[in-house]
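Dock chain H against the given chain X, drawing on the hints supplied.
Protein sequence lines correspond, in order, to chains X and H. If you read the first sequence in the numbering used here, its first letter stands for residue 1175, the second for the next number, and so on. If you read the second sequence in the numbering used here, its first letter stands for residue 1175, the second for the next number, and so on.
Calculated directly from the structure, the hints in this document are not laboratory data. Where hints are given, some of them may not hold.
One copy or any two copies: either way a pair holds, since identical chains are not told apart in the list.
Said to hold, decoys possible - Once the Cα atoms are required to be at most 20 Å apart in a straight line, the calculated SDA-like pairs of lysine to any residue come out as:
no.: 1; residue 1: Lys1687; residue 2: Asn1622
no.: 2; residue 1: Lys1572; residue 2: Ala1549
no.: 3; residue 1: Lys1390; residue 2: Ser1405
no.: 4; residue 1: Lys1572; residue 2: Gly1548
2 protein chains.
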Amino acid sequence: MNPTRIVIIGGVAGGASAAARARRHSENVHITLVERGPDVSFANCGLPYHIGGEIPDRGELAIQTPAGLRALLNLDVRTLTEATAINRQRREVTVRSLADGTTTVLPYDKLILSPGASPLRPPLPGIESPRIHTLRNLEDMDRIKAAAAQATSIAIIGAGFIGLEMAEQLHALGKQVALVELLPQVLPQLDPEMTRPLEQALRDKGVRLILGDGIKSFQPAADHLDLVLKSGTTLPADLVILSIGVRPESGLARDAGLELGPRGHIRVDPWQVTSDPNIYAVGDACETADPILGQRAAIALGGPANRQGRIAADRIFLGEKARPYPGSIGTAIVRVFDQTAGITGWSEARLKAEGVPYLTVTVNGSSHASYFPGAETITLKLLWSPDGRILGAQAVGKDGVDKRLDIIATAIRGRMSTDDLAQLELSYAPPFGNAKDVVNVAGFAAANIRDGLLVPVPELADAGAQIIDVRPAASAARQPVPGARNIPLSELRSRIGELDRSQPVFTICQMGKTSYFAARILANHGFDARSILGGAHHQL
Amino acid sequence: MNPTRIVIIGGVAGGASAAARARRHSENVHITLVERGPDVSFANCGLPYHIGGEIPDRGELAIQTPAGLRALLNLDVRTLTEATAINRQRREVTVRSLADGTTTVLPYDKLILSPGASPLRPPLPGIESPRIHTLRNLEDMDRIKAAAAQATSIAIIGAGFIGLEMAEQLHALGKQVALVELLPQVLPQLDPEMTRPLEQALRDKGVRLILGDGIKSFQPAADHLDLVLKSGTTLPADLVILSIGVRPESGLARDAGLELGPRGHIRVDPWQVTSDPNIYAVGDACETADPILGQRAAIALGGPANRQGRIAADRIFLGEKARPYPGSIGTAIVRVFDQTAGITGWSEARLKAEGVPYLTVTVNGSSHASYFPGAETITLKLLWSPDGRILGAQAVGKDGVDKRLDIIATAIRGRMSTDDLAQLELSYAPPFGNAKDVVNVAGFAAANIRDGLLVPVPELADAGAQIIDVRPAASAARQPVPGARNIPLSELRSRIGELDRSQPVFTICQMGKTSYFAARILANHGFDARSILGGAHHQL
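Chain X on its own, in the form it takes in the complex:
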């Protein structure tokens, strides 16, 4: 029997999706949407871009207003209203108006929790300074935009997705930007070597990059704030953006006795049902399945939140016919000036930390046919299990990174193998793609490793003494590989006598392709030949 009263806590991505989907199922159900902030259904992923002016019109970010949701979806929208308690036995939620403090009790047949996650604010000395901001909603955005207009120097703490977007956008406003990250790399979701082009892009633009350092304290000065770092460095800033991560807003659920995961996320089944069959949870506050390795995952991203909201509503109205949520693989992407980087599935660092057996290769390819104007190099790292199943991928480059990530995200969802990647038939005309796309090439390389044709060397630092740079002499001279001797590929067969057969030969080139060719020649002549992955483009 269909419910007559649905209450939804949280009116942005997951909550708004659940409300809309529920209304498609029924015109008769009363749907109450409770939101603590003044806004519903806004484009939270767009906030940095309005601060930087790339989205000039603030109105673009308000996908729906409360009045719009009332008119289009016939919702009972209650903004500036906080849910304070759930009475599971009586199926009631108590909500409090932030405007006048009055409390109301809302009865429900089904309750959907979409409270989201809130930015971390660690209890550091000086953290209460009004110069320190986090970015979660339109109000935060407005405050930061106003403060940035008065600021000359801005420090961003945390170089994850939001930190990087903010660095780019605040630089675009002409600010002196410093980016501080506790780990020795930006974008810690990715393996470190894949983030180097982002770091270079930041440095090239004049962003001060402080890696492997954290905040000890914030010291107020007359007209600015001094950030005292763990290294002892003092970094003055007019404005500080804190973007070091989020924690799930699961207090309401916890207080109601709902089951939580180890890091405080609300536990749900594949239909987003919590440990109480009348309560659902969606979005950043809940746990989900990791379909790649069968573990649990918590992914704070808009795409999963939207789809989970839809599934919760389907489960309520379609029952057994509703399709389950298959879990999240964590596909994510960020643009940093002219570079784009992203990930789908597991990183090498995570696989290593969990002791999961894997293989990996890194290849370069062209965003579209290299003979057609505008082609840019994409570096693609692929990770797979010993049985060939794809576990993850990372890509970085100036164009076409999103497409390659999406192709591999699709392949992961389909539990496809590296051989499947090799044989993907992707769209090819010179302005788009390649006869052998970089995704195919990654699949070829994986097959070559399995078949013993490619002995890969992931890092130049791992190479032994005999490194041969097989690029043309001019390229090798322009950008020398430390410790390498130059023998261009075209001369390799005739100069093979110059090499020492008693020790391995490590070949390197510009893109990692010619070095493979060279290693094949040498291996077929009886050498222990290994190819340094990604070439000088990736290694230097």
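Chain H in isolation, oriented as in the chain X frame:
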């Protein structure tokens, strides 16, 4: 045991790939590459773009020279040399030099045929005119480029991929371009309604589009050629490009008694082996599997040719370890001025002609977040079998078409379902993709059809009498839908009494989303409500 002599007939995509891959397997095998033309391994997909000047440097198209292949791959390259006969019993190929007419007999252990396909030249009156050109190789390109420089008016016969690329490029040179197509649409590989934006783009640029008409004869005039069309129209042109299709160059194989398919393509097994175990065939001249419906297919495209060449060489050297070619799904794409269109898998027309049961939906989405500058609309048509497996897709739009086709091409390769599409976790940040990408939306729509939430109307012409335009009044007035009454979505609930319950209601909007919302409201109020797919954007 490894072969000692490999002969390859045809030195472009498939042949060059086979040669390169064979050399990676062995330094000891003698590889002879026989090519009828003067060039090997050139970028045949790039030819139109050098004619139009978008690839200014001709040298970019010569990926490898014969001398380069000799130096890098130690190949015995014989250009301007034609294979005239195969003696299968003696394992010998007879080749003839086009330079001096001498013949040579080349013994082989393994023979790889990569002869390609040649442009059709139907025996029409006047076809021998030197003003009529086809485009296959660099020599053709040079001839057309020289002739175009002297021409004012150019007629292109055949509006497939090459015809469309040539129309765009010759228009860029400032020529008066007419494009003649026998069928009543451009790009006959796609369903007609998906090609409308291309036709509009051509007309907007001033290309004269003559659809549903063919050539009766070519009549030489003093300083031009008159094309007499079947309709009676006479079309004068200084230069004619014939691009009506290709036929496989399988004469050598046929004369040698190799098994051919119904349309003259060389029959091969999944490892590219012909009916003679020592002869392989790859590329445009051979048949392959259709992995979608288990039929045979012949796909004249560069990607498959390259991968087949690799597989033939792997089979020769790796034997049982070599992975089979999984067949071709026919992914293809074309840019026509600011529009891009493409296909992967089966079209509706083909499914209908073969009597294969299918379902279909057409949706619109945005190339990236609609609130971020530069977003363009993508129209995506999805086809699937009653059990949910994806059979094909077509897309058209100004940006991001290649990405969506590649995602679905990957899903087809993985035999994935529409529910899988709904749950794809694609990369999303405002400059890239969407929280709910158009690919997800197509999956949602398929689920809605299955679950009875969406009753789709593919064509406005199929709608009954009661059509309701649910756009805001201003939009509806600006671009009226013939026969429709305007009731904006926000007024629908209060004005529901104005509708006639005794007959179906057909809803339409701008993009096909709001009309679905409206149909859900009406259906939940007991109406027979159906949504017209793709909205005014697609239908008008």
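| said: When the structure is checked against the list of hints, which entries are broken? Sort them ascending. | reply: none
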